[in-house]
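Student: Next come the chains, spelled out residue by residue.
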Amino acid sequence: MSQNSLRVVWVYPDLLSTYGDQGNVLVLERRARQRRLDVQRVDIRSDQPIPTSGDIYLIGGGEDRPQRLAAERLRRDGGLNRAVANGAIVFSVCAGYQILGHEFINDLGQREQGLGLLDVISTRGEGERCVGDVLADIDEPLGLPPLTGFENHQGITHLGPTARPFARVRYGNGNGTGDGFEGAYNDTVFGTYMHGPVMARNPHISDMLIKLALDVNALPPVDDRWYEALRAERIAAATQSA
Amino acid sequence: MAGNSGPLSPRAKLAVTAGKAAAAVSRAAGRGSGSVIGGKVALKLDPDLLARLATHLDVVLVSATNGKTTTTRLIAEALRASGPVVSNALGANMPAGITSALAGGSDARYGVIEVDEKYLAGVARDVSPKAIALLNLSRDQLDRAAETRMLAEKWREGLAGSKAVIIANADDPLIVWAASSSPNVVWVAAGQEWKDDAWSCPSCGGVMQRPGDDWFCGECGFRRPTPSWALSGDYVLDPHGSAWPIHLQLPGRANKANATTSAAVAATFGVPPQVALERMYQVQAVAGRFDVVQFLGRDIRLLLAKNPAGWLETFSLIDGPPAPVILAVNARGADGTDTSWLWDVDYPRLAGHPIFVIGDRKLDLAVRLEVAGLDFRVCETVDEAVQQCPPGKIELIANYTAFQDVRRRVGN
Ligand SMILES: [Zn+2]
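These protein sequences, in sequence, are chains V and A. Under full-length UniProt numbering, the residue at position 177 of the first sequence is numbered 177, and the numbers go up by one with no gaps. Under full-length UniProt numbering, the residue at position 225 of the second sequence is numbered 225, and the numbers go up by one with no gaps.
Chain A with its partners taken away, still in its complex shape (with noise of 0.2 Å):
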């Protein structure tokens, strides 16, 4: 199999080459992967290459607010059951991440790529993908984010024209709002536990009705679609009404709708169901996420959370009290700087878990659990609030950069 190695000009190949070289070097002088600083040089040298190393892959673009990580990861196991898949499954999800993780795979049939919301349309335009796969919108990094709505708004404007296969989250309005312009679109009943993105119609402006699961405007007509695919409790309900059990060893609600989205991804390239399911058992932990350490005689669970959406589906997930809850909080350019969101997280729902809390940013938590009338102690650092906790299973919750440091510290 030539691989897509064949067709690339002699200046393509030279940007992969250079691209790979700075790649080594960044990686030599102790960067991290150096997979973002190859790709800019090598975009650098050839703007189009993200376009033609794309060309013979079937590519499936990832999309979202939260589970973008994840949901690539799921996607890119089930289609391994049909051929090779290349993949940025570090998260590297900007152009220059993405041009990198495909110039690594040369001999792959599929290219499963996470990436950036605000890249989305761009990234659609040049890699011409056979799937795009939508999961959720909310309000993120409060202090540089586009808004929630003219992102959605971008997206629906560089999706109208696309050839793929949308596979989009029913549940979500500004999702719907998004990928309807679209003419080829698999609804998937995927759920949405958080709303407040989402009471104000994004075509007319008029208040969203919500009632149970459904939604609708009613001045408007704008309305929930009918899914094909559902998530039903621990189950994939498919197109022909066929419930496939879900076996994750991942934990929680939005897991499973990831999952499911992901077998809906999987049969649009004829991997059915169960074998997708299957294979999606086999992950894990994804880049340190969900998964568990020893450190200093406890086992620490390890859940990423960045944003009022994410904290609310992870609260479901964790264990009941008493089971100690590790709370760490940064405000760091890529945390965003602004802390207000805080006051959006549904943080009563910790009460009885014994609480600490850590991070640059402790005192604005300790603020806000205080007015919520919960116990909690102010830590130094995690091996301080780790020490405090009994022997046992401790849920560690912490937003991007409190989660790398404390993945560094606790040797994850």
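Okay, chain V solo, but in the shape it has when bound (with noise of 0.2 Å):
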């Protein structure tokens, strides 16, 4: 990975970018730039091979359908594997998050096979769809603040002793599991259920994500105005709403 370029892979926008998934690889191309990095982005679609130099792949949200063929097809490909291997970075919302798991339930009601990037196995909830302002606190060793996103799920994912969780649920229902836990990441792959999309209120998981990537420890500052002001409001509507 070189020091002033950067190889962002969108995965499969024909399948999986249902909740608005483009923005947060609108968010993260955007300040990559604002920063002076030469950005190469990448739509891969579902009949096309995944590269395996990217440095930073997204996978979005989908439907349960577009979610199944998604995972067969990624499996069938196995470029994601691969490029993991290598070190690339994954940040995965809501239907991709399931994926990258060892298993979920898929539209026809049957265990799907994911890709075992994480340590997690998803369910399907019996109750209500979680749909709703949520406000975590992301895993310490992260560094970052307050995680605020919107959900809208009915999956229920549970994590295995390898994947840490990605944030803990101060209001909301996150995983959907009753620890209060939300998302999960294990080194390089991380994986959410917020949209909002993610990082359009968490401009920081971007700037995270880019961090890791050119292996540095700070960004120049960039105009962040617009999203303290969205952070703001919406936090306050998550802690209103509960």
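Simulated from the structure, these hints should not be mistaken for lab results. Positions of the beta carbon are idealized from the N, C-alpha and C atoms, including for glycine. Some hints could be false.
As the list claims (entries may be wrong) - Footprint (simulated), chain V over chain A, 3 or more residues, beta carbon under 8 Å: (1) 230 to 240; (2) 339 to 348; (3) 366 to 376.
Two chains, two frames, a set of hints: combine them into the complex.
Tutor: Put into structure tokens, the structure is as follows:
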């Protein structure tokens, strides 16, 4: 990975881009360019091979059937697993998060094998869909301010011993397991249920990914005025709706 | 003409009366037109009322994610050339609102009915329509709407046994999937600018190929049917190859598409395209949409856009820069509470316009525009936004409840 360029791969926008997931790509791209990085963004449709030379891979949310199709095609392709073995960073949301785990429940009600990049297993909740604003504290070693997001999922995700919770919820459901965990991560692979999209509400997450990719400790500051205003409003909303 | 009051059973008559009384009470209490509450009361007393009210009407159903209210209005205008029409013109499009609308049209020959996407199959079963117009399907209200393809699947199952003529958009793969179970389809090339809900084949899940205006699945052979009607520039092409000029007061490509579909519907009832299109010209605004109102010395055009596909069509009809644009976004129940969809809207198209942002979720929109690299100003109220625009025309685009808020304030 060179110091002034960044290859961002958006995985399967034809299948996993239902919840404004392009937003994460756009925020990451914008903030990298504001740091004068040479950003190459590659959108990979599900009939194309996944390149293994990317620095950061983003995978979004989708409906149940496209989620199954995406898992089938990613397993067959194998490129994402090879990229992670080479040290690539992956950030995944909702359906994409479930695909990175060992297994999830597909649209046919069957157990579908995931990519095994995160030590998690997802099932489907019996109760009401988790919908609403979430406020959570991001796992301390990551050193990030509180997580604000919008959750909109039926899935429940259980963490295995080698996955760390990405955050612990103060308001909202997160992984839906009742232990207060939200998302999961392990080394360079991240998963979350948060929409919003999550990087629009938490630009520090995209900065963290950029820093990981460049292997640097700090980035030049950018104007975060509107992000901060939105964060304050949504954090207050999560607190009040509880 | 006896209309449809004659064949009603005593129970149905009572239900209609009770519904009207409830509607009157609701109106008196200042709760809107009362059509929905009236319909609810009536349907409770007689669950078959909707079917019975429709018995003596030639019914047309209209459903879609976008454009159904406008198209319902255009079809109603066109069919009035041939007889009296009853219609749920105000957009109350679930069974209670539909029942209420039909109960008010005892002398009508035609019922032109907008139906919410989720209720289409059920209403089609109840009212035995002569024609069903299907315009488009795309993502909408992410926090509670059914999945788009599931919706198409439900339509497909529900319409399989229908005797209605289905007038369907050949350019939307999901619509084609939904309609092609029916034996009697009239395909209309009505266009669909938004493509991001149909990259995956609704039949087999294969990746859709979309060269130019065509589309097909490379894996299972599901492909765009040959249309018999088409929108071509400012003309409707009919099945005989004749071109009829579209003259509308309503702006934009999407409304020309709505007019094309409406002309095809009218033709199935024997109304020729020329007559139908002339009558459509009468429509100036639909429930406030496309209306131009004077406010604080400016002319504001009110545009409703509820989802990414709707915003895309709206951007293509507004005046170019330097026309100022006011954007208003809420996320209340009727809008869907998940604002993530803002990131699917192609806001960079507004480059060069002065942009003003209002509404409950103006900060979500501010971040969206900042990331798009656009200049914009965030305002507290519509008044403040309007006052920052020079005298002249303003384009105001709002999602559902934001649109209602604006209408109330600007006196439309
Ligand atoms: Zn196919």
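Student: Determine for every hint whether it applies to the structure shown.
Tutor: Against the structure, the hints:
Counting residues of the stretch 230 to 240 of chain A whose beta carbon lies closer than 8 Å to any beta carbon of chain V gives 0, which falls below the threshold of three, so the coverage claim is violated. For the stretch 339 to 348 of chain A, the stated coverage by chain V holds: 6 residues have a C-beta nearer than 8 Å to a C-beta of that chain, and at least 3 were required. Note: the stretch 366 to 376 of chain A has 7 residues with beta-carbon separation from chain V under 8 Å; the three-residue rule is met and the coverage holds.
Against the hints set out earlier in the document, a violation occurs for number 1 only.
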